[in-house]
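Peer 1: Join the two chains into one complex using the hints; note that each chain is given alone, in its own frame.
Letter by letter, the chains look like this.
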Amino acid sequence: MANHADSGHPKQSDSLDRRSMMRLMGSASGIGLAANMNQITALGESRLNDQLRASGKRVILLWLAGGASQLETWDPKPGRPTGGPFAQIQTTVPGIGISELMPKMSTHLEDTAIIRSLNTKIADHGTAYELMDTGRVKEAGVDFPHLGAILARELGNIESKVPDYVSMYTSTEGRRKGSAGFLGGRYNPMFLTDAMMPENIQRLESITDTDHRERAELRDTLSKLFARHHSHPSFEGHNSAYGRVRGLMASDYLFDIEREPESIRAQYGPTQFGQQCLVARRLVEAGVPFVKVARAWWDSHGQNFETHQELCADLDHCMSTLLDDLKERGLLENTLVISLGEFGRTPSINGSLGRDHFASAWSCTLSGCGIQGGSVYGKTDENGNTVVEGEMSAGDLYSTIFAALGIDHTKEYMLGSRPIPIADFDSTPCYSILT
Amino acid sequence: MPSAHPDHRYRSPSLAASVIIIAVINLLSAGAAWCDSDAARQIIQLAERIDQEIESQNADRLPRQTLSDAGYLRRVTLDLAGRIPTIAEIKQYEDLDLPDKRLQVTTSLIQSPDFAYHQRNELDTFLLRPLNHDREWRSYLLEATKENRPWDSIFREIMTPEETRPEDLRPTAFLKHRLGDLDKLANDSSVIWFGVNIGCAKCHDHPLVDDWKQEHYYGISSFFKRTYRSKKGLIGERFDGKVKFDTTSGESKDADFMFLTGTKVTEPELSLDAEVLKQYQEQIKKAEQDDAAETPPQPLFRPRQQLVDLALSDQQQRFFAKNIVNRTWARFFGRGIVHPLDQIHSGNPASHPTLLAILTDDFINSGYNVQRLIHAITLSVAYAQALPMTESDSPSHGENKLENQSDRGVRYFQHAEPRPLSPHQLSLSLLIATGNPEKTAEQISNPDWEQDRGKLEERSEGLAQKLEIPGENFQVPVSEALWFSNSSEMQNQYLGGGKDHLVGYLNEIEDPSAIISQAMFATLGREATSEEQVVLSKYFEQRNEQRVDTIKNIVWALVCSPEFRFNH
Numbered sequence: 467m468a469n470h471a472d473s474g475h476p477k478q479s480d481s482l483d484r485r486s487m488m489r490l491m492g493s494a495s496g497i498g499l500a501a502n503m504n505q506i507t508a509l510g511e512s513r514l515n516d517q518l519r520a521s522g523k524r525v526i527l528l529w530l531a532g533g534a535s536q537l538e539t540w541d542p543k544p545g546r547p548t549g550g551p552f553a554q555i556q557t558t559v560p561g562i563g564i565s566e567l568m569p570k571m572s573t574h575l576e577d578t579a580i581i582r583s584l585n586t587k588i589a590d591h592g593t594a595y596e597l598m599d600t601g602r603v604k605e606a607g608v609d610f611p612h613l614g615a616i617l618a619r620e621l622g623n624i625e626s627k628v629p630d631y632v633s634m635y636t637s638t639e640g641r642r643k644g645s646a647g648f649l650g651g652r653y654n655p656m657f658l659t660d661a662m663m664p665e666n667i668q669r670l671e672s673i674t675d676t677d678h679r680e681r682a683e684l685r686d687t688l689s690k691l692f693a694r695h696h697s698h699p700s701f702e703g704h705n706s707a708y709g710r711v712r713g714l715m716a717s718d719y720l721f722d723i724e725r726e727p728e729s730i731r732a733q734y735g736p737t738q739f740g741q742q743c744l745v746a747r748r749l750v751e752a753g754v755p756f757v758k759v760a761r762a763w764w765d766s767h768g769q770n771f772e773t774h775q776e777l778c779a780d781l782d783h784c785m786s787t788l789l790d791d792l793k794e795r796g797l798l799e800n801t802l803v804i805s806l807g808e809f810g811r812t813p814s815i816n817g818s819l820g821r822d823h824f825a826s827a828w829s830c831t832l833s834g835c836g837i838q839g840g841s842v843y844g845k846t847d848e849n850g851n852t853v854v855e856g857e858m859s860a861g862d863l864y865s866t867i868f869a870a871l872g873i874d875h876t877k878e879y880m881l882g883s884r885p886i887p888i889a890d891f892d893s894t895p896c897y898s899i900l901t
Numbered sequence: 053m054p055s056a057h058p059d060h061r062y063r064s065p066s067l068a069a070s071v072i073i074i075a076v077i078n079l080l081s082a083g084a085a086w087c088d089s090d091a092a093r094q095i096i097q098l099a100e101r102i103d104q105e106i107e108s109q110n111a112d113r114l115p116r117q118t119l120s121d122a123g124y125l126r127r128v129t130l131d132l133a134g135r136i137p138t139i140a141e142i143k144q145y146e147d148l149d150l151p152d153k154r155l156q157v158t159t160s161l162i163q164s165p166d167f168a169y170h171q172r173n174e175l176d177t178f179l180l181r182p183l184n185h186d187r188e189w190r191s192y193l194l195e196a197t198k199e200n201r202p203w204d205s206i207f208r209e210i211m212t213p214e215e216t217r218p219e220d221l222r223p224t225a226f227l228k229h230r231l232g233d234l235d236k237l238a239n240d241s242s243v244i245w246f247g248v249n250i251g252c253a254k255c256h257d258h259p260l261v262d263d264w265k266q267e268h269y270y271g272i273s274s275f276f277k278r279t280y281r282s283k284k285g286l287i288g289e290r291f292d293g294k295v296k297f298d299t300t301s302g303e304s305k306d307a308d309f310m311f312l313t314g315t316k317v318t319e320p321e322l323s324l325d326a327e328v329l330k331q332y333q334e335q336i337k338k339a340e341q342d343d344a345a346e347t348p349p350q351p352l353f354r355p356r357q358q359l360v361d362l363a364l365s366d367q368q369q370r371f372f373a374k375n376i377v378n379r380t381w382a383r384f385f386g387r388g389i390v391h392p393l394d395q396i397h398s399g400n401p402a403s404h405p406t407l408l409a410i411l412t413d414d415f416i417n418s419g420y421n422v423q424r425l426i427h428a429i430t431l432s433v434a435y436a437q438a439l440p441m442t443e444s445d446s447p448s449h450g451e452n453k454l455e456n457q458s459d460r461g462v463r464y465f466q467h468a469e470p471r472p473l474s475p476h477q478l479s480l481s482l483l484i485a486t487g488n489p490e491k492t493a494e495q496i497s498n499p500d501w502e503q504d505r506g507k508l509e510e511r512s513e514g515l516a517q518k519l520e521i522p523g524e525n526f527q528v529p530v531s532e533a534l535w536f537s538n539s540s541e542m543q544n545q546y547l548g549g550g551k552d553h554l555v556g557y558l559n560e561i562e563d564p565s566a567i568i569s570q571a572m573f574a575t576l577g578r579e580a581t582s583e584e585q586v587v588l589s590k591y592f593e594q595r596n597e598q599r600v601d602t603i604k605n606i607v608w609a610l611v612c613s614p615e616f617r618f619n620h
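Chains A and B supply the protein sequences, listed in that same order. Residue numbering for the first sequence follows the numbering used here, beginning at 467 and increasing consecutively. Residue numbering for the second sequence follows the numbering used here, beginning at 53 and increasing consecutively.
One chain only, chain B, in its complex shape (with noise of 0.2 Å):
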C-alpha cells in the first residue's frame, strides 16, 4: 500500500483541520457586532421566554439532555443553512470559547448566503413545490428571502399580485397552477395561510369540529370564485360570480363572502348597467384567450382583495400571524404547538397557549419579521434537546419504551425528534459530504460563496426533484435506497476517487483510523466511537488489497445512513 502513494502525498488530518479552521474564522466573527444590539437583546429574551413557558409545562420533569457542540451544529447548520456542516465549521465552533457562541454561530449563519436559499426552498415546498417546480416563482421567493420581507407583505404580493406587483409575473404561480380547482385553490389557501382545513366541511358541517361549518367552506370559496387568469398570465377579478351550495336538509343557498372567523363582507350593489357588464364580461372571455387581448378593467369590489385585507386587518391578523408562528415553530421541532398543523381550531387546543401567544404577539410587533422569529427558537434551550436516550441495548425493548414516553417528550418539547431532510437539504448535504473538505471550507468562507452557493444550488437540483418531499407520514421510499444503491451518479460521481471529492481526499492519508475519523467528520459531523472504530477498523483491514474501494464504501456506508438521512 504505502508503495503506491509515497510520503509526500500524505498530509496529518490535524493540519489539514488547522489550515481550515483560519479559512472559517471571518465566517464566525461576522454577527460579531450585531451581537451586541438591541434587536440581538430583544431576540435572546425571546429565546428566554419560550424556555420559561417548556420549562413551567414540563410537569413531569421529564429527563432531558443539551446536545453537544457538534450535534447543536449540525442541526442548526441543516435548519439555517439547509446543509450539514464542514468539518472545518465543527472544529471551529467547538474551539470556540465564548459564552454566546450559540449566538455568534446562528447569527452568522442567518446572516450567510445559505440562509435565503434554504429559507427561499422551505417556502417553496411549503407553497408550490407539490404541485409544481417554477424557476420563475423561485427567483421571486429568492428575492423575498434575502431581504428578509415581512410574511404580511409576501402573503399581499402572492394573493394579490396585480395589486402589489402588476408588472412581475413571478409570484402568480400559487394561484395559476391552483386556478383550474375551486375546491383546491379555496382550501389550499386556508390551509396554508390560515392552518385550517375545511375540506371535510363541504358535503355537510364538520363532523368532528364544530368551529367549521358547511358556510364557511364556501364563505372561503366566494373569495376565490372570481378570480382569473389571462392569457398573458395576468391575474384579475370578474365584475360577478356567486358560489352556491346545497345544505344537507337539501336547500340552496348562496353563499357568503365569510372569513374563518365568522366576519363577513358585504357586496355592494353593482352599479353598472347591463349593457356595459356584458361588455366587460365579454373583454374578460376574451383576455383569458387571446394574448394580444387588451387587458380588462378591475371592478372596485374584488373577493380576494377583501380576503387579504380582512385578513391583516387588526381584529383578525392573530389567525394569520399565528398560523405561520405554529408552521415555523413545527420545521425546528418535527411538531407545531397546535398540532395537526391544519387543525387550527377551538376543538384542538395548543399544547402551550401561552407560548403561542407570546410569539405571535411578538410576530406581530416585529411587523412579521420570520428571520426574527426562527433566531429566537434556534437561541432556545428547548431547541437544543438532544434525541431521547434508549436505555436498553434492546432493540425491541427500547422501543416500547420509546412509545410510552415519546408521545409526552414530544407533545412538550422536553426531547428533539428526528426529523427527515427534505429533497434540498439531503441532496445539498451529500454534495457538502462527499466533496473534497479543503476546498469545501475554502469555497464556504471565500467572499464569492454566495455565488458559489448558488451553483451548488442547481448542482443539487438533480436529486433533489427525483426525491420525495417528507409528509406527516414519511417513510424513506426503496426507490431512494435504491438510487443510493445502485445509481451510477451516486457510485461515479458522488463517490468519485478524484481529487475535488471526499474519496479522493482520504485516499491520500496514510492513517486508515484517521481515514475513519476524517470520513465520519465530512458525513456525520462527529468523532467515531470506540465501537465504530472497531468495526470500520476491521472492514479496512479485511481488505487491504482494495484501498479506494474500501474507502468509497465506508463512506457509502456513512451517507446512507439513518444518523446522515434526519436531523436530529
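So here's chain A without its partners, still in its complex pose (with noise of 0.2 Å):
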C-alpha cells in the first residue's frame, strides 16, 4: 500500500518572518495604498514565468455538493461497525480497495491519488462550502476568490477567445455560484443553472450576424476616439469585456454536445451529470482552464445506503469515461481532474439509515496532471472516525492542486498593502502524491 504519511509534511512555518517582513514594507509604502485590481502582483515570481510554467494546463472540478460519504467511495470500513452493507472490492493497484460502489473505478486508479485524510473541522454547507471552494476560512471583511477563479487567472489567458471558468450547476438544492472575490468580475464564472447553453452566448435571429459584427466594430471605433483624449485602465478593462463577447459566441458549440459523434455520447450516458462531464471534456480540450460540473445532492442524513447506491453509479461511470476520454485525446497529462465535495459524512449511522455532516476525516481524489497516480495519500482509524496519518487541510489540498498544476503555492496576491497567499498560511502540498 503506498502511504506515505511521513513525507515531510507539514513543514516548519515561516509566517511569523514574513509577517514581520510585511509590517516593514508597510510602512516603507505607505500603509492602506489603494488596492488597485491593476496593481495587484504577485511578490517573489514573475507572473512570466508562471504562465510559461503552468501553460496548457487545465482542471476539472466534479463537486459533490453536500457531500459524499467517504465510506461508500474511497475509504470503506467493511466488517466495522460504522461500515454499513456494502463490501470492499480489490482495485488494479495492489494494496488499494475502495468501497463495491465504484466498480468503474476500481479499474482507473492508475492516474488518480485517493486522499483519505481531510480533516478540514467545518460541517455547516454554507461554511464548509466557502473553505472547500476558497482553501481558507472565511473572514470577515475580505472576499477571497474562489479555486476556480484563482486558476482562471493562473492558467487563463487574458485574451482568451474562449471562456476560462465555466460552472455548471443545474441542481436547485445547495445551488453556489463562485464569486472572483477580489479578484474582480473579469474572473467571474460563467454559470449555467437551468440549461447546457450559457446565457447570450448565442446571437438572436432578429440581428443579422455582418450588423452584430459591423456594430461591435461601430462600438470599437468609436471607443478608440474616446480613448485618444481619456485613457484610463477602467475603460480598457470595458472594452476588453466588449472585446471577449465575439469569440465567447463563436465558442458556443463547445456547449452542443450534439456535436460528438453518437458513440462517444453513448459512452458518457443520458444522465445530466455525464452530458455536462461531456460538455466539460469538449471545454477543457477548446483550452478552457477551469470547468467546475457539480452533481447534487449527496446530503444524506437518512438512507444514506440508497442514496449513494444512485450517486456513485453516476459518478463511478462519469468520472471513469471522462479519466478514460482524457487520457485516449492525450489531455489527461494537462488536465487535473478533482473530484471533492464541503465535508464527507458521519462513520456513524444514525436513526433514519443516514449519515450526518463530517469535516474531521474523509476523502477526495485528483487525477491527471502532475499527480502520482494509484496512490492513496493519508489513513483513518479503524472505523473512519479520525484521521491518524497525513492529516490534510483545506490550505494544504489547495496547495497540493497548485503544485500539480506548476503553480507556485507560495505566491501571494496584494490587495493594498497585504498580502494574501493563494494558498492559505502554513499550508503545504503533498509531494508525495506529486509526480
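FYI, nobody ran anything at the bench for these hints, they're computed from the structure. If you're wondering where the values come from, they're calculated on a predicted model, not measured in any experiment. Check the hints yourself; a few may be wrong.
Stated by the list, open to error - Covered stretches of chain A, as calculated for chain B (at least 3 residues, CB under 8 Å):
hint, region
1, 598–610
2, 649–663
3, 666–676
4, 707–715
5, 765–772
6, 828–839
In this text, a Cβ means the ideal position worked out from N, Cα and C, and glycines have one as well.
Peer 2: Take a look at the structure:
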C-alpha cells in the first residue's frame, strides 16, 4: 500500500518572519494605498514565469454537493460497526481497495491519487462550502476568490477567446455560484443553471451576423476615439469585456454535445451529470482552464445507502468515462480532475439509516496532471472516526492542487498592502502524490 | 428612403429641442428662492473652504481642467438624480446665462424626487444590498431619504430598531441579515459606521496597524453578542453572554465592551436572582422559535444600545461623523480623503486632514445633515474637474504617462477619476437614453414626476439586479457585455422601434447628421465630435437600405461605450 504519511508534511512555518517583513514593507510604502486590481501582483516570482510553466494546464472539478460519504466511495470500512452494508473491492492497483459502489473506478486508479485524510473541521454546508471552494476559512471584510477564479487567473490567457471559468450547476439544492472575490469580475464564472447553453452567448435571430459584427466594430471605433483623449484602465477593462464577446459566441458549439459522435455520447450516458462531463471535456479540449461540474445532492441524513447506490453509480460511470476520454485524447497529462465536496459523512449511522455531516476524516481524489497515479495518501482509524496518518487541511489540498499544476503555492496577491497567499498560511503541498 | 417617410412626419431637431426646453423651465427654477437663503450661503461658503483646502495641497501645480457645462450636468445629474440628464435638461442648462447656475441646478436636483430615490439606492447598496434585496427595508430607506433624516437618527434606527421604532420591522434588516454570523455582524458594523476593518485583528493583533489589537476586535463583537431576533421579527438583547477569546500567547480572556477609541463600558452587576434569569432565558429561547410567544422583557443593560450611545456621545462622535464624511466624499471623487475607506487609523493619514476636519465639524454642527454635505461637495470647483487629458494619441504611450501623473492627481483631487455607474444608475440611464426624449422630458417636468420616477425605478429593477455592484477593484464582467450584445430585452425592448423609444423617435428625423447629433445627446449628453460625425455618417451611408437597423446599431454602439458606462 502506497501510504506516505511521513513525507515531509507539514513543514515548519515561516509566517512570523514573513509578517514582520510585511510590517516593514507596509510602513515603508505607506500603509493602505489603493487596492487597485491592476496593481495586484505576485511577490517573489514574475507572472510570466508562472504562465510559461502552467501554460496548457486545465482543471475539471467534479463537485459533490452536499457531501459524499467517504465510506461508500474511497475509504470503506467493511465489517466495522461504521461500515454499512457495502463491501470493499480490490482495485487494479495492488493494495488499494475502494467501495463496491465504485466498480468502474476500481479499474481506473492508475492516474488517480486518493486522499483519505482531510480534516477540515467545519461541518455546516454554507461555511464548509466557502472553505473548500476558497481553501481558507472565511474572514469578515475580505472577499476571497474561489478556486475557479484563482485558476482562471493563473492558467488563463487574458485575451482568451474561450471562457476561462465555466461552472455548471443545474440542481436547485445547495446551488452556489462561486465568486472571483477581490480578483474582480473579469474572473467571475460563466454560470450555467437552467440550460446546457450559457445565457446570451448566441446571437438573436433578429440581428444578422454581419450587423452584429459591424455594430461591435463601430462600438470599438468610437471607444478608440474616446480613448485617444481619455485613457484609463477602467475604460480598457470595459473594452476588453466587449472584446471577448464575439470569441465567446464563437465558442457556443463547445456546449453543444450533439456535435459529438453518437458513440462518445453513449459512453458518457444519458444522465445530466454525464452530459455535463462531456461538455467539460469539450471545454478543456478547446483551452478552457477551469470547469466545475456539480452533482447534487449527496446530503444523505436519511437513507444514506440508497442515496449512495444511485449517486455513486453516476459518479463512478461519469468519472471513469471522463478519465478514459481525456487519456485517449492525450489531454489527461495536462488536465487535473478533482473530485471533492464540502465535507464527508459521519462514520456512525443514525436512526434514519443516514450519515450526517462530517469534516474530521474524509476523502477526495486528484487525477491526471502532475499526480502520482495509483497512490493513496493518509489514513483514518479502523472505524473512520479520526485521521491517524497524514492529516491534511483545506489549505494543504489547495497547495497540492497548485503544485500539481506547476503554480507556486507560496505566491501572494497583494490587496493594498496586505499579502494574501494563494494557498492559506502555513499550508504545504503533499509532494508524495505529485509526480 | 424618403418615400417611406412622408415629409409631414419629420420634425426639425431644433424645433423638437425648443419644445422640450419650455417644458423644463419649471424644473430649473424650482430652487430659485432657496438660493437666496442663509442655508444656501453657508453651503456656498463650505464649498469655497473645500476649494481652498484642495488648492493649498496642490504644491506641484498639477494642470487642471474644468468640465464643460454639458460634462458637469451629466456628472452631477448622475450623482444627484441617479440617472443621465435628458437632451432638454442639457440644452436648458447650456443656455442658462446666470453666474450661479451650478447652485441653481444642484438645488433643483436635490429638491427633485430623483434625489431621494437615488440616495435610497446608494444607502441600500452601502448597507445591505450585497447581502439581500429587501423591499420593505428599501421602503424604510426611501422614507428616510425623502425627509433628509439626519445620519445619527438613521444609525440609531438601524442599529437599535427595538428602541427607536418598536412597531416598525423594516429597519431591522441590517441586523437580521447578519445575525447568523457574529464576526460578520461586528466587522461589517465597524466598517460601515466607523470606517474601521478590524477583521485582521481576530487571531492576533493587527500585523500592520498599531491601533488595532485583538481586544478591539472582541471588544466590538461583545456589543453584538447578546443580540437576537424573535420569530416575530423583533430584535432584542439577552441578559447575559460574554465573548471569550484566546490571545496569541494562549491565554483565554473575557472581552470587555470596548469601543474603537479604547473607551470601555462597564456592565453593572446583574441584580436578578438565578431563577428569574433562567425564566427570562427560556422566554427568549421560546420567542426565537415561536411567533406566538410573548415578547420577553428587555434587560436594563443592553450592549448594542450602549455602543450606539457611546458612538454618538460628545467625546466619541467624531469617529462616527468622520467616516460618513469620508465615504460621502469618496462617492463623488472615487477616492476618500482617507483611503481605503475602511482603514481610518493613525498609520493611514488623510491626504487633506484640515479639509476632513472642516467637513466633519460642519457635519456635526449641522445636525448630521448629509444633504448639506453633498450639496457643498457638488458645488465645489474640485468636483467639477475633468478627467486627465491624454496628451499623446498613442494609447500605450498615453497609459504610461497617465500612470505617472494619475496617482498624484487622483490623490490630491486635482482631476476626476472615472467611476463605474451603479447597477441602478446604469439601468435607469439606459431607460432614459433609449426612451423617446420628448416624452421623457415632458414626464420629468410634470408634477406627477414623483410617481413616475417610482415607476421608472420599478422598471429599472430587473436589469439592476443582474448587474454587478462595483467594488473597489471593479471590472466590467463579460456577462454584462454579453447581456448588452445578445439579450432579447436589449434588442427588442430598449432598442425597440416604436414611438416610446429613441430608435423610433430618431427614425422620424430625415437628416442623418441630425439623427447622429440627437443620438449623441440622448446617450452621451454632448455633441458629436467631427471625427465621430465622419465615422457615424459613413456607417449611415453604407447602410442606406436598412434605416431602422442602422439607427438601432448606432444607439447600441453609444450605450455600450465606456463613456456611457462610467461617470466621468
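Peer 1: Between the region 828–839 of chain A and chain B, are there enough contacts, at least three residues with CB-CB distance under 8 Å, for the coverage claim to hold?
Peer 2: The restraint on the region 828–839 of chain A is violated, since only 0 of its residues have a Cβ under 8 Å from chain B and three are required.
Peer 1: Please count how many residues of the region 765–772 of chain A have a CB within 8 Å of a CB from chain B and say whether that reaches 3.
Peer 2: Coverage by chain B is violated for the region 765–772 of chain A (0 residues, Cβ < 8 Å).
Peer 1: Taking 8 Å as the C-beta cutoff, is the stated coverage of the region 707–715 of chain A by chain B satisfied by three or more residues?
Peer 2: holds (count 6)
Peer 1: Can you take a look at whether the region 649–663 of chain A is actually covered by chain B? Rule is 3+ residues, C-beta closer than 8 Å.
Peer 2: Held - the region 649–663 of chain A has 6 residues with a Cβ nearer than 8 Å to chain B, which meets the minimum of three.
Peer 1: Three residues minimum, CB to CB under 8 Å: does the region 666–676 of chain A make the cut for coverage by chain B? Let me know.
Peer 2: This one holds; 7 residues, not fewer than the three required, reach chain B with a Cβ under 8 Å.
Peer 1: Establish whether the coverage given for the region 598–610 of chain A by chain B is satisfied; the threshold is a Cβ-Cβ distance below 8 Å, and no fewer than three residues must meet it.
Peer 2: holds (count 5)
Checked against the numbered hints listed earlier, the structure breaks hints 5, 6; every other hint is satisfied.
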